[in-house]
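Engineer: What follows is the residue order along each chain.
There are 2 protein chains.
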Amino acid sequence: MDPLARTPPPPYYAVVFTSVRTPEDDEGYAATAERMVELASGRPGFLGIESVRDANGVGITVSYWSSLDAVRAWHADAEHQLAQAQGRARWYARFRLRVCRVEREYDFTRDA
Amino acid sequence: MDPLARTPPPPYYAVVFTSVRTPEDDEGYAATAERMVELASGRPGFLGIESVRDANGVGITVSYWSSLDAVRAWHADAEHQLAQAQGRARWYARFRLRVCRVEREYDFTRDA
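Residue numbers (my numbering), protein chains in the order written: chain Y, 23 to 134; chain H, 23 to 134.
No lab work stands behind these hints: they were computed from the structure.
A few of these clues could be false.
[What the hints assert, rightly or not] Simulated coverage check for chain H against chain Y, where a stretch passes if three residues somewhere in it have a Cβ under 8 Å from a Cβ of chain Y:
no.: 1; stretch: 38-44
no.: 2; stretch: 51-58
no.: 3; stretch: 62-69
no.: 4; stretch: 79-86
no.: 5; stretch: 115-122
[Stated by the list, open to error] Residues from chain Y shown here face chain H by an in silico Cβ test under 8 Å; the list is partial:
no.: 6; residue: L26
no.: 7; residue: V74
no.: 8; residue: D76
no.: 9; residue: R118
Positions of the beta carbon are idealized from the N, C-alpha and C atoms, including for glycine.
Isolated chain Y, as found in the complex:
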């Protein structure tokens, strides 16, 4: 997967999810995280995702969506709701989630 999402010209929406993992259940977490990317990718209005987690368990995942309705529908998805509940119960010590409207975008690729 390309680490940089190929999003269309703005405006569109971004969900910035910043989290601190517990030390618990790496395997279950990883499997669910992978499944959520697969599930989100098939949802209407999905534009892309970027996700990084460092060795300290701090992660930032940004998913991109065509509209607020698409963000809401993804949030309300039944399988995603179950994953959210597991996240609060086991996987995350803390998180902050911000819903944003992307207004401008700049790209840079270095000359080879």
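Using the hints provided, position chain H relative to the given structure of chain Y.
Structural biologist: Just chain H, lined up with the frame of chain Y:
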């Protein structure tokens, strides 16, 4: 530094910077990255920063600002401009920068 920025109630602005590092000049990059956080923190309208880079050199940094004018002033800062030029010349293979208006925020802290 708290990995989760303590931002005020929305609306405010987020600059999402997703990047892929070159293998070059880790030391110079790290020193400048640290200096940019220090410099940004002192700028008018700065609200906080969250930053993660993984072992593959993929990073997401989100800085938060009170207004678009504050974002523009930070972008135009002379020392920051110099760092941006070094970034394009040496440190980044690719990046994507998105300027966003934060509309909603949710927090979660797990019970101890």
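Engineer: So which hints don't hold here, by number, going up?
Structural biologist: Per hint list: 2, 3 violated.
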